[in-house]
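With the hints as constraints, model all of the structure from the sequences given.
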Amino acid sequence: MTAITSLPRRAARFGGPTYDERNALVLIAPLATVLFAVAVFPILYSFYISLYGLKLTRPHRVPFVGLENYVTVLTDPQFWEAVGRTAAFSVMSVAAVAVIALLAALLLNEEFPGRRVLSAVLLVPWAIPYVANALMWKWIYDSNYGALNGLLYQLDFINSYMVWLGDADKTLALIANAFVWKEVPLAVILLLVGLKTIPADLYAAAKVDGANALQRFLHVTLPALKSSFALVIVYETMMAIRHFDLFFILTEGGPGDASHVVAWRIYVETFRNLNFGLGAAMSYILALATLALAYAVIRALAQRI
Amino acid sequence: MARITFKAVTKRYAGDVVAVRDLDLEIFDKEFVVLLGPSGCGKSTTLNMIAGLEEVTEGELWFDDEIVNTLPPHRRDVAMVFQSYALYPHKSVYENIAFGLRMRRVAAEEIDRRVRDAAAKLEISHLLQRRPSQLSGGQRQRVALGRAMVRQPAVFLMDEPLSNLDAALRISMRAEIKHLHTAMQTTFVYVTHDQAEALTLADRIVVMNDGVIQQIGAPDDIYERPRNTFVASFLGNPPINYLDGTIEGADGAVSFRRGGMRVALPPALAARLRGSPGREVKLGIRPEDVSRHGLGAETPAMEGIVDTVLPVGSDRFLGLKVEGCDVFVRVDKQAHHREGEPVRLALVPERLHVFDKASGLSLLADGAP
Amino acid sequence: MAGPSMADPTAAARAVRQARIRSRAGRVGRGLILLVASLVFLGYTLAPVVWLVSSSLQNEREIVSKPPHWIPHEPTLENFAAIFTAREKTVTYETRRAADPASGGFIPSTASNLLPALGNSLIVACAVVVLNLLVGVPSAYAMAKIRFRGRSASIYGILATRVIPDIALVVPFFLFIRNLGLLDSLWSLIITYLAVTVPFSVFILVSYFESLPDELDKAARVDGCSRWQTMTKVYVPLALPSLVAVMLFAFLASWNEFLLALMFTQTPKSQTLPIIVASFTSDFTISFSFINAAGVLAIVPPVLLALIFERYIVSGLTAGAVKG
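Chains as they are written, first to last, in my numbering: chain A, 1 to 305; chain B, 1 to 369; chain C, 1 to 324.
No wet-lab data here; the hints were simulated from the structure. Any given hint could be a false lead.
As the list claims (entries may be wrong) - 30 Å max Cα-Cα, derived DSBU-like pairs, lysine-lysine:
| id | chain 1 | residue 1 | chain 2 | residue 2 |
| --- | --- | --- | --- | --- |
| 1 | C | Lys233 | B | Lys91 |
| 2 | B | Lys91 | B | Lys7 |
| 3 | B | Lys30 | B | Lys178 |
| 4 | B | Lys333 | B | Lys321 |
| 5 | A | Lys170 | C | Lys66 |
| 6 | A | Lys196 | A | Lys207 |
| 7 | B | Lys178 | B | Lys7 |
| 8 | A | Lys226 | A | Lys196 |
| 9 | B | Lys91 | B | Lys121 |
| 10 | C | Lys66 | B | Lys121 |
| 11 | C | Lys269 | A | Lys55 |
| 12 | B | Lys91 | B | Lys178 |
To be verified - Chain C is nowhere near these chain A residues, computed Cβ spacing over 10 Å in every case:
| id | residue |
| --- | --- |
| 13 | Val83 |
| 14 | Met92 |
| 15 | Val220 |
Said to hold, decoys possible - To give an idea of the chain C side of the interface with chain B (calculated C-beta under 10 Å), a few residues:
| id | residue |
| --- | --- |
| 16 | Asp223 |
| 17 | Cys225 |
| 18 | Leu238 |
It should be emphasised that the depicted structure is a prediction, and the values quoted were computed from it without experimental measurement. Ideal Cβ positions, reconstructed from N, Cα and C, are used throughout, including at glycine.
Okay, here's the thing in structure tokens:
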């Protein structure tokens, strides 16, 4: 037993990693490496680039310009117009997703024969690639042979084929429609989670209290859906603000500037004008705006709940 | 086949929550030790430290002559039975029992032999091909025991193994666990909050509260000579009664006094308390330590008014009002007391407990204040 | 409804009868509403896709009918045949001019890129799936079952990387990939898709592992498992449903991704299906029926996966919703 005291008191420590912590470190290391290299580092690097006048058209002269890129972006009226279009697109899209998804979720929350089929079908728009979604709607909207013209013509809503995507007044709404069609399924699934948590007793109690179907919906269903709605709105807003694929394939920002949104502007500035510094500055502004918006929406909803 | 020694062990979690404080404990080879205490007292943490599932923050943990502070569980020769049984849902009963042996690369025939042997002993041979989800609670419990048994470990750990069973099964399993210990000839450490389990099973009981050991001792020792009010209250059902009062020491006779009640203390206590008249103490009386018989002028006694009468078949419990205090006692069933009646009961002097009111420490124990 | 009329038996009977009639009418009404709603739902969700498939089965002449033929009058697999045989066929200006519509004229020269692109998409998606499991499962297990300093912070940190829009990361991504010399290589896509998909995978797995009891972890370790063995021998077999969900999400996200592929790939060597398909849409000389066939080709694998594994997908998304 004398050996006991002569041994170093290795256990009496606070700072060093424990066996479990060493294991956790090893198990998490691959993920940490990947995320650091391909997420954290780019985020920081992006900020660094945004401080330089990096243009691929003159790769050998990369002056430090400080916040000049940010000033350029923020004082450019075209940028603010793009922001306005992004905002309009997002508001339209998110509102439509919320309404359509709520209706679909209420339908799928009922028990009836065929419900299983409908919930499977629901996943079809969710699963298809945005590129395929885009070409599908491009074909539907086609002004010469498209299905939209054909349908409206056959139903006598229009006398002659119309221009759709090429009409600056309609472009954003039509792109939003394609976006909404693909985003609704996820929103439905999120809302269904909320609906499933409402105990049946609550409806029974409301019935006993003499509430009719509409009152039950307003006073039982909607309040219970609050947090699911919050999630849908935050998530879809983030998706709408950053959306790029449809703009690329359907309109390339056109006609004119009608669908020239922020995401498209970043792409054009970076990969067509090869002005990386400016593109990075714009990206950073978009990222910060997204973060701020998400935070604000979550805070606002958290306070109300 | 291991002696487990804690030397000044402290377990601290993040945020400086102390689960176990400065624990000194020696568990002898082949001993059956029960860690007893309310939930959150640190008994499970202590067990987990023996298993290696939680690391010792400070101090030393020894298995025989080896420090095992940083030895992970799979390198310790311990087996464990859990409250929820923790059977692997995706494995058959056979594979559940065999898993620990497979992980230790025991030869296949040896595994088979041990699994079938254990299954036969536990009478679950017919269940070997089932999945845990197809078993009853009692059967799962047996599989969990089997899984630990086949390992023939140096230390056998049990964390509230009977808490999820119904009352009848719990009592019969106690006997089986006792037999298992005799048969296995190995060190058992058993965690429970159930004092009856502890009293039945243990060679020694370690009573813990708030991460600190309150008392270590044989079951009778702990029950009859609790070191403080916590231990006294935790063991015994219904629990011990306390009467607050003061010491009166007139010459040779020392007694406890509360209002009009005066109880002469036995000589051992009297000798110890002679010097401190007026000291505030708690008198502890276990419900079974009263008697309707042997009442004499000299015997200490307690007078009260019957408040409630609770017959429980073999006995009868009385709720009394004694000097403004509620006291619960057990009397034989021949006693026919009615509510509102005055009653006088003899106290057994050797079985009285006296605790310091402020510290809660027993004044009977060695080294008492 | 029985309350006030209980005293009068005939009134009570009448009330019960009325309630029954009302409830039967209510049932019929409910059925009608559900039927109409279901039809609207089906129409909204499926009509565009059905129309896409229908027009991919029409030939050059039929596709330009006014009004459109909703159901092809002369259904043909010509467009699909063209995709799968494009490699052998040399498409020149002459063959194009001479081609009669039924034999697959107006097939772009880039059509021969479709099959390799399909292959690229498959390789990338499968690699991302495998890497997601290799990287995601150990870290999710650690975060769910090992107590270490900074555990909850790391979970939120991982999710937070997904709040930044991909479009905001393209510049550093591009420079990063270029400096590694990985432009126009499948690796550029595999690495970036992994970073994009793995946070959600970890999130799903963490919530699933957390739902499994801690005592299983303890039992396995006392039984002789190291941390790694506990994970592979106990938790991975038990987490199969969530692993399927993770695999599906990673596959679909990689299969469908467009923006990053647009940045990093330049030649058919590394271009994925969405890139080739997208390149058709801006070419006005290509027949819509052929483009639609390419679109159908891009749609079929993910839609099939989604329909087959519907249960896992919904439970995976639901796990995210409940925790988030």
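Do the hints match the structure? See the list:
no.: 1; hint: C:Lys233 with B:Lys91; verdict: holds (10 Å)
no.: 2; hint: B:Lys91 with B:Lys7; verdict: violated (39 Å)
no.: 3; hint: B:Lys30 with B:Lys178; verdict: holds (12 Å)
no.: 4; hint: B:Lys333 with B:Lys321; verdict: holds (20 Å)
no.: 5; hint: A:Lys170 with C:Lys66; verdict: holds (23 Å)
no.: 6; hint: A:Lys196 with A:Lys207; verdict: holds (18 Å)
no.: 7; hint: B:Lys178 with B:Lys7; verdict: holds (28 Å)
no.: 8; hint: A:Lys226 with A:Lys196; verdict: holds (13 Å)
no.: 9; hint: B:Lys91 with B:Lys121; verdict: holds (21 Å)
no.: 10; hint: C:Lys66 with B:Lys121; verdict: violated (84 Å)
no.: 11; hint: C:Lys269 with A:Lys55; verdict: holds (27 Å)
no.: 12; hint: B:Lys91 with B:Lys178; verdict: holds (28 Å)
no.: 13; hint: Val83; verdict: holds (14 Å)
no.: 14; hint: Met92; verdict: holds (17 Å)
no.: 15; hint: Val220; verdict: holds (18 Å)
no.: 16; hint: Asp223; verdict: holds (4 Å)
no.: 17; hint: Cys225; verdict: holds (6 Å)
no.: 18; hint: Leu238; verdict: holds (6 Å)
In this structure, the hints that do not hold are numbers 2 and 10, in rising order.
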